[in-house]
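Novice: Sequence:
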Amino acid sequence: MAAGVSGKTKEVPQMWGRTKKVLLKLCRLNGEGECPASQADKRCGAALLGLLAAITVCYELTDGAALQEVRQEDKPSVEIIWEAPISQPRLLEAVKLQLEPDPYREDVPLERELQAALRATCEENGVPVALALGLIEEESQFQPDVVSHRGAYGLCQLNPKYFPRELTPAENIAAGVGYLGELLERHGDTASALRAYNLGYDDGDRKFADAVLAAAEKWEKD
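Using our numbering, read the sequence shown as starting at 1 and increasing by one per residue.
These aren't lab readings, by the way, just hints derived from the structure by calculation.
Treat each hint with caution, since some may be false.
Derived DEER-like restraints, expressed as beta-carbon distance ranges [as the list claims (entries may be wrong)]:
| hint | residue 1 | residue 2 | range |
| --- | --- | --- | --- |
| 1 | 151 | 91 | 41 to 47 Å |
| 2 | 221 | 164 | 33 to 39 Å |
| 3 | 92 | 161 | 38 to 44 Å |
| 4 | 145 | 92 | 30 to 36 Å |
| 5 | 199 | 220 | 20 to 26 Å |
| 6 | 214 | 120 | 21 to 27 Å |
| 7 | 205 | 101 | 38 to 44 Å |
| 8 | 91 | 205 | 50 to 56 Å |
| 9 | 106 | 162 | 31 to 37 Å |
| 10 | 106 | 188 | 34 to 40 Å |
| 11 | 166 | 221 | 32 to 38 Å |
Quantities reported herein were computed from a predicted structural model and do not represent experimental measurements.
Cβ coordinates follow ideal geometry from the N, Cα and C atoms, glycine included.
My request is simple: use the sequences and hints to build the entire structure.
Specialist: Right under this line is the structure:
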């Protein structure tokens with residue numbers, strides 16, 4: 001039940017009696033209004049009694065509603081505790097998104113979920129996001145359902161001989177970027193790794209690598 005003020009109680013009329021006695025004593029007035037003090041005291045006493053009379057009339061007209069007693073025990077005991085809801089990962093993620101800039105890029109022709117998957121797998125495999133975007137653009141033009149004449153499929157044009165066809169677009173990205181990360185570590189050279197990704201080994205031809213790097217530079221600038 002919400003806390004509020006209590007109803008009309010018997011203590012309210014008693015309060016007026018006590019207040020009147022206090023005012024009379026303070027103003028040094030007797031019961032007939034006679035005052036042995038100065039004219040200033042008389043005026044003060046008259047003013048205070050007038051104020052008391054006005055309050056009494058207000059109480060009677062409003063049936064005490066304007067002067068309902070607020071009891072301390074009627075107030076709720078409110079204790080505010082800030083505690084990170086560590087058991088609520090979705091809530092923490094929502095708060096994080098509010099505090100951090102949205103990494104979603106409207107210029108990248110991938111859905112928000114796929115962009116998130118791309119960023120996550122790039123971070124995991126040490127592959128620059130711009131390089132991964134350049135690879136996807138050159139391989140599939142960001143078309144998740146495209147299949148090449150050799151059977152390579154998906155955003156990263158995976159070879160079905162080594163990767164199952166049932167992969168979702170997000171899984172296709174994870175597999176392709178993961179493979180590129182392995183090649184970068186193995187070859188130690190970006191152009192060589194890109195050629196090996198496209199052909200299966202590095203034959204020295206840099207046409208594909210140059211195209212991917214040019215696209216990556218564009219995404220880096222954007």
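Novice: Now tell me, hint by hint, if it's right for this structure.
Specialist: Status of each hint after checking the structure:
1. Evaluation of the 41 to 47 Å hint for residue 151 and residue 91 yields a pass: the beta carbon distance comes to about 44 Å.
2. Between residue 221 and residue 164 the C-beta distance comes to about 36 Å, which sits within the given range of 33 to 39 Å.
3. Judged by the Cβ atoms, the range 38 to 44 Å given for residue 92 and residue 161 holds: they are separated by roughly 42 Å.
4. Taking the beta carbon of each, residue 145 and residue 92 are about 35 Å apart, inside 30 to 36 Å as hinted.
5. Judged by the Cβ atoms, the range 20 to 26 Å given for residue 199 and residue 220 holds: they are separated by roughly 25 Å.
6. Here the CB-CB span from residue 214 to residue 120 is close to 25 Å, well matched to the stated 21 to 27 Å.
7. For residue 205 and residue 101, the Cβ-Cβ distance of about 40 Å falls inside the hinted range of 38 to 44 Å, so the restraint holds.
8. The supplied range of 50 to 56 Å is met by residue 91 and residue 205, whose beta-carbon atoms lie about 51 Å from each other.
9. Look at residue 106 against residue 162: about 34 Å separates their beta carbons, and that is inside 31 to 37 Å.
10. Between residue 106 and residue 188 the Cβ separation comes to about 35 Å, which falls inside the hinted range of 34 to 40 Å.
11. For the pair residue 166 and residue 221, the supplied restraint of 32 to 38 Å holds, since their beta-carbon distance comes to about 36 Å.
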